[in-house]
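Colleague: The primary structure of each chain is shown beneath.
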Amino acid sequence: MATIEIRNLTKQFGAVQVLKGIDLAIDDRDFTVLLGPSGCGKSTLLNIIAGLEHQTAGQIMVDGTDISPLPPDKRRLAMVFQSYALYPTMTVRKNIDFGLRVAGLPRAEIKERVRVTAELLQITDLLDRTPARLSGGQRQRVAIGRALARRASVYLFDEPLSNLDAKLRNDMRIEIRQLHEDLGATAVYVTHDQVEAMTLATRIALMNAGRIEQYAEPQDIYDRPETLFAASFIGSPKMNLIPGTIRLADGVPVFDTGSDRISLAHYPFRLAPEDGMPATLGVRPEDVAPDAQGIVARHRLNEPHGADTLAWFTYGETNLSARLEPVAARALGAQATLGFNLHKLSLFDPKTERRL
Amino acid sequence: MTTQPNLAMRNWNQRVGRTALYLVLILACVAYLVPLVVMVMTSLKTAGEVQPGTIFMWPENPSFDAWIKAWSQACIGLDCRGIRVGFWNSVMIWVPSLILSILAGAILGFALSRWQTRHAGLILGLVLFGAFIPLQVVIYPLIKMAANLGLYNSFAGIVVVHIIFGLPVLTLIFSNFYVGIPVELINAARVDGAGFFRIFFGILLPMSRNILIVALVLQGTGIWNDYIVGVSFGTPDIYPMTVKLQTLVGSQFGEKEYNVNMAATLLTSLPPLLLYLVSGRYFVRGITSGAVKG
Amino acid sequence: MPAPAIDLKASSMRPFLTLQFLGGTPASRIVVGLAIAVALTCYVMTIAWTLAMSFTSSTFLPDWDFVGIERYVDLFGSSRWSVAFANMFLFGIPFIFLALALGTFLAILIDQKVQGEAVFRTIVLYPLALSFIVVGLIWQWVLEPNFGLQTAVRAMGWETFRFDWMARSDRVIYTLVLAAVWHSSGIVMAIMLAGLRGVDGEIWKAARIDGIPTWRIYVSIILPMLRPMAMTCVTLLAISVVKSYELVVAMTDGGPGNSSDLPSRFVMQALLERANIGTGSAAAIIMMLSVLVILLPYFVIELRSRRR
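Residue numbers (our numbering), protein chains in the order written: chain A, 114 to 469; chain B, 738 to 1031; chain C, 4 to 311.
One or more of the hints may lead you astray.
[Claimed, not checked] One-sided excerpt, in silico: chain A residues whose CB lies under 7 Å from chain B:
1) 194
2) 211
3) 217
4) 221
5) 380
6) 384
Think of the hints as simulated: they come from the structure by calculation, not from any bench. We put the beta carbon where it would ideally sit given N, CA and C, even for glycine.
Okay, chain A solo, but in the shape it has when bound:
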């Protein structure tokens, strides 16, 4: 129903630049998650899209028109807040239809929308209660209901699940995903929880220090992180990062850790590599396994997770982790030789911190 295009958006609070030039093009019906550590500017960006704060410079285009001068309610969007922000003195019904009443919709229309929304979210029984008499999960539903009743073309979510307990959070995650698919609206969702981001998003905009590090599908970011930050922020535990140098042996690139050499024959370099170039090698824990041919590392401890076990190693100065079958992990001795899945490596330039 709506595309969003953000162009060179900046936000300055006094001397502090919170957003340093954001460019982002969100497709129609996309579910974009703004993911990043606290203070990265993701909530500010969301608030600016909502019109609750104003950018210092830059544009926000929705379906090709700049909505920057419009007040929040004229932007055809709805928002769900972290604290739910339900109006405490109003019943659930009043909470849901407040915006519709302000907009001056006909009474019958308002009634119908409240009914449909309440049925969709199964909160019909709660309509005459006040928020104080609702459980956390119910409040969450009402908050979503209030947003849905607006029939907006863009839905904004500001960490809506962070006040729920773990189980409820999982349920609501599935429900939000289902709702998005049913409604087919464009959604922008802020969170610092990467699991939430991975499961909900059609695309993740990974933010750090006021910039977007990478905007891609979740699996893409996971498999091919564009920057060192993306590599270490996404994935738990984070991607193993090993410093070293790129060597060309008879024209074939290898990664030299100082003590070992790892073949880069399968690595899709963007620019032809040069001999002696410093680089950082990244490899996910699940792409590390005991291998007779590999590097020699000291085994420190095992961390069982049930389905698999994380084995922790020290290699030179760096810590390495490997996600192993529990049996394989138990079989490890004090020294282990480890091999990497050579098709799934990442390489970064340590100076620019970008993918090579």
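Chain A is already provided as a structure; the job is to place chains B and C on it using the hints.
Modeller: What follows is chains B and C alone, placed relative to chain A:
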């Protein structure tokens, strides 16, 4: 077994301590109550009974004659309609002053609580400054301004002065309260399309019950008890009850009718006393919240 | 691609106000603008006017004939003002001290988990709900030597009992102290009680384990912790001293003679009865300065604690 006498001793000491504690407290309360009791007793006496040195004596034939006289017959100057004239004047001043000053304080408090920059503190400081100004410093120019605007000697004029000088403390109380309201709640209302006044009247005001009671008690007693504004901005026709009372007591010729005077005093004190007794802890919160920050 | 910078905040609209109401709604600007206008005209301009008048020779009507500090010289040369000004201290200092001591003492007593606490609190606080006019009248009657206390005690058999301070020009000011303490000690009690309730219970436990007697815990540990509250009380009471007008009007009307006059009453009389605007304004300015002097330490402490 050896600890037994010790324990008994301790219990005994404790009991003596508690008894002394209650004794002192009760004595203090008696002291606080004496003036009020004297007033009530004297007001119930007949004119003949009110003799020098009998203030602590119980009335022999308690009657409300003095109260009736004070209310509807006592002469204040040449006007012999009693203190009730002042009562109704006070009501005419009290109701609009109370409603308008609280509304003004609440709206301004809300506005200031949402301004983000340090200027908000500066403006609050400027407004708050008004709480500390002795009325004497500004009264002459204010009377002149009121006269120029045609507000001198009108209920409206007195109401306006009450609003202006109630504003500082009320603004502070409300702004402190509204600062604690989550921004998200206001943002949600803005996404719903509500403007400043819609947010205030539709969402914040219904949430402000407690703080409204605090303001009501604080302003309610303050405005009812005012003397200086009433006497300076009005003439006898519109004098509030406190001024009428002072005139009544001060303008008697010949024999002083103490029983009538005290009945009039009690009548004047009744509204704020009732407000105080009904509001309980809100009164304490009112005077301290107005005070602590001020 | 350089995007054109949009100035949404319309900085040209607010030459001196760089405020933001989140989105900057016009309504909130109007509200705050109005408040500033009211504060400037009714608080600032009026004071400026009085300040200006205090440097003129105005008597019956304000005129703009500036005479420098002549009015202040006159003021402090006049015996009436000297009495009123001195009375501010003779009344204020014992009043603040006694109200603070009594209020704190009562707060400590009430804090001992007494039964019927609400009743005690209600009784100690009720005078605060009364108008100073009422307070003044009540105490005038109780303390009036012929009608009240003195004759009553004599009638009970103590023939030589003497308490005629109301009629003595050297003592009358202390009767005002009595009435004011009766009226205001309740607020000290309320503030100090709130402070006592705010003390961390573990401090009590720690002191008990150290074997410190209860009175000592109060004197050495708890009361020093309540210094900010005491400070608040002192500031509050001191300002009420400068402002107190109704009490003296109702209770003694400055008498006998002018022996219980206070600056507030002096100003009102000079301005409205004795048609001496210049001198009245000068006295009013002294009142304002007194308030500022009282507030000064409060602000200094506030600023210092904020910087930390």
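Colleague: Closer than 7 Å between Cβ atoms is the bar; does residue 194 (chain A) clear it against chain B? Give me holds or violated.
Modeller: With a closest approach of 4 Å, the residue 194 (chain A) hint holds.
Colleague: With 7 Å as the cut and Cβ atoms as the points, is residue 217 (chain A) at the interface with chain B?
Modeller: Result: violated, 9 Å to nearest chain B Cβ.
Colleague: Holds or violated: is there a CB of chain B closer than 7 Å to the CB of residue 384 (chain A)?
Modeller: violated, 46 Å
Colleague: Does the closest beta carbon of chain B sit nearer than 7 Å to the beta carbon of residue 211 (chain A)?
Modeller: holds, 5 Å
Colleague: Can the hint on residue 380 (chain A) be confirmed by a CB-to-CB distance to chain B that is less than 7 Å?
Modeller: Hint violated; residue 380 (chain A) Cβ to chain B Cβ min 47 Å, cut 7 Å.
Colleague: Let me know if the C-beta of residue 221 (chain A) comes in closer than 7 Å to any C-beta of chain B, holds or violated.
Modeller: violated, 20 Å
Taken one by one, the earlier hints fail for this structure at numbers 3, 4, 5, 6, listed in ascending order.
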